[in-house]
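A.B. asks: In the numbering used here, the protein residues as written are 8 to 185.
For the record, the hints were derived by calculation from the structure and aren't laboratory data. For each residue, glycine too, the CB sits at the ideal point set by N, CA and C. Hints may be right or wrong, so weigh each one.
What the hints assert, rightly or not - Between beta-carbon pairs, the in silico distance windows are:
| id | residue 1 | residue 2 | range |
| --- | --- | --- | --- |
| 1 | N107 | L34 | 25 to 35 Å |
| 2 | N107 | S162 | 13 to 23 Å |
| 3 | P21 | I50 | 20 to 30 Å |
| 4 | K181 | L34 | 13 to 23 Å |
| 5 | D76 | V176 | 30 to 40 Å |
| 6 | D13 | S148 | 21 to 31 Å |
What the hints assert, rightly or not - Only pairs whose alpha carbons sit at most 27 Å apart, straight line, appear in this in silico DSSO-like list of lysine-lysine:
| id | residue 1 | residue 2 |
| --- | --- | --- |
| 7 | K156 | K30 |
| 8 | K97 | K163 |
| 9 | K74 | K130 |
| 10 | K97 | K64 |
| 11 | K181 | K163 |
| 12 | K97 | K130 |
| 13 | K97 | K156 |
| 14 | K156 | K64 |
| 15 | K14 | K30 |
| 16 | K163 | K64 |
| 17 | K30 | K97 |
| 18 | K181 | K30 |
| 19 | K130 | K64 |
| 20 | K14 | K130 |
| 21 | K14 | K77 |
| 22 | K163 | K66 |
| 23 | K64 | K181 |
| 24 | K30 | K130 |
| 25 | K97 | K77 |
| 26 | K66 | K130 |
| 27 | K130 | K163 |
| 28 | K77 | K66 |
| 29 | K156 | K130 |
| 30 | K14 | K97 |
| 31 | K163 | K77 |
| 32 | K181 | K130 |
| 33 | K97 | K66 |
| 34 | K130 | K77 |
| 35 | K14 | K74 |
| 36 | K77 | K64 |
| 37 | K14 | K163 |
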Amino acid sequence: MVHSLDKLLENYIPFDSWEQECKERMLAFIARYDNCFERSLEIGHFTGSAWLLNHDKTKALLTHHTKLDKWLQLGGHCDGDSDVLSVATKEAQEESGIQNIIPISTTIFDIDIHLFPTRGQQKEHYHYDVRFLLQVVGSESVTQNHESKELRWISKNLNDLPTSSRSVVRMFEKWLAL
């Protein structure tokens, strides 16, 4: 089955060797599993995430994820939706409480594959995460939900970044280069 994500990934220019490996693995994963957007695929599935910028692109919003106890970008499961940009936008809206969010670009901003740990009945599995660059239109007032311990707007100062996770740092570096 061919998805629009195939084309987005084929056209994506990786930032580094890790992203090149992720791109190759993602394309192979799509080709192998018709249900790659379903959470029910126990070995792994696609997720959509957002590097969300404020209206003037001077700040990015991060979440202190409740379950993982880590600072991350906003995002979540595709749950069968192969339009990963739509998923990223919806997740950013739900997790931030901000409804007026638009894509800065419809191309991929970043990709990552990471192991999600065992939680309760859910076995350890991979998240094939596709990230998009999104922007708030209007008010930047956030409403925290149960998925976050905290939401924080960070500036372009590396000292503001509350994590040293390579995945988040890479998106931060890309943002600085815009």
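A.B. asks: Now tell me if each hint is right for this structure.
C.D. replies: Consistency of the hints with the structure:
Checked against the hint of 25 to 35 Å, the C-beta distance between N107 and L34 comes to roughly 33 Å, which is consistent with it. At about 21 Å, the beta-carbon gap between N107 and S162 stays in the expected band of 13 to 23 Å. For the pair P21 and I50, the beta carbons lie near 23 Å from each other, so the given range of 20 to 30 Å is met. In this structure the supplied range 13 to 23 Å holds for K181 paired with L34, their Cβ-Cβ distance being about 21 Å.
Taken as a hint, the range 30 to 40 Å is violated for the pair D76 and V176, whose Cβ atoms sit roughly 18 Å apart. The given range of 21 to 31 Å is broken by D13 and S148, whose C-beta atoms sit roughly 37 Å from each other. Our distance criterion of 27 Å between C-alpha atoms is broken by K156 and K30, whose separation comes to about 31 Å. Taking the CA atoms of K97 and K163, the gap is about 25 Å. The hint holds against a cut of 27 Å.
Among the hinted pairs, K74 with K130 is consistent with the structure: their alpha-carbon atoms are about 15 Å apart, no more than 27 Å. Between the alpha carbons of K97 and K64 the distance comes to roughly 20 Å, so the proposed pair stays at or under 27 Å and holds. Taking the CA atoms of K181 and K163, the gap is near 11 Å; set against the 27 Å cutoff, the hint holds. Our distance criterion of 27 Å between C-alpha atoms is met by K97 and K130, whose separation comes to about 25 Å.
For a cut-off of 27 Å, the pair hint linking K97 to K156 stands: about 19 Å separates their Cα positions. Under the criterion of a C-alpha separation no larger than 27 Å, the hint pairing K156 with K64 is consistent with the structure, at around 24 Å. Distance hint between K14 and K30 is fulfilled; the C-alpha atoms sit about 11 Å from each other, no more than 27 Å. Of the supplied pair hints, the one linking K163 and K64 holds, its CA atoms being roughly 10 Å apart against a limit of 27 Å.
This hinted pair checks out: K30 and K97 have alpha carbons roughly 23 Å apart, not beyond 27 Å. A C-alpha spacing of about 17 Å is found between K181 and K30, which places the hinted pair at or below 27 Å, so the restraint holds. Distance hint between K130 and K64 is unfulfilled; the C-alpha atoms sit about 38 Å from each other, more than 27 Å. For the proposed pair K14 and K130, the alpha carbon gap of about 30 Å is over 27 Å, so the pair is violated.
A C-alpha spacing of about 31 Å is found between K14 and K77, which places the hinted pair above 27 Å, so the restraint is violated. Under the criterion of a C-alpha separation no larger than 27 Å, the hint pairing K163 with K66 is consistent with the structure, at around 7 Å. Of the supplied pair hints, the one linking K64 and K181 holds, its CA atoms being roughly 13 Å apart against a limit of 27 Å. In summary, the hint linking K30 to K130 is supported, as the alpha carbons are separated by about 24 Å, within the 27 Å threshold.
At most 27 Å may separate the alpha-carbon atoms for a hinted pair to count; K97 and K77 meet this at roughly 21 Å. Restraint check for K66 and K130: not satisfied, since their Cα atoms lie roughly 35 Å apart, outside the 27 Å limit. Annotation: proposed proximity of K130 to K163 is violated, straight-line Cα distance about 37 Å (limit 27 Å). The hinted pair formed by K77 and K66 meets the criterion: a straight-line CA distance of about 19 Å does not exceed 27 Å.
The hinted pair formed by K156 and K130 meets the criterion: a straight-line CA distance of about 24 Å does not exceed 27 Å. Between K14 and K97, the direct Cα distance comes to roughly 21 Å. Compliance with the 27 Å bound is thereby established for this hinted pair. About 20 Å separates the Cα atoms of K163 and K77, which keeps this hinted pair within 27 Å; it holds. Of the supplied pair hints, the one linking K181 and K130 is violated, its CA atoms being roughly 32 Å apart against a limit of 27 Å.
For the hint pairing K97 with K66, the CA-to-CA distance comes to about 20 Å; that is within 27 Å, so the pair holds. Taking the CA atoms of K130 and K77, the gap is near 19 Å; set against the 27 Å cutoff, the hint holds. Taken as a hint, the K14 and K74 pair is broken in the structure, with Cα atoms around 33 Å apart against an allowance of 27 Å. Between K77 and K64, the direct Cα distance comes to roughly 23 Å. Compliance with the 27 Å bound is thereby established for this hinted pair.
Restraint check: the Cα-Cα separation between K14 and K163 comes to about 31 Å, which exceeds 27 Å; the hinted pair is violated.
Hint check: violations occur at hints 5, 6, 7, 19, 20, 21, 26, 27, 32, 35, 37; the rest are consistent with the structure.
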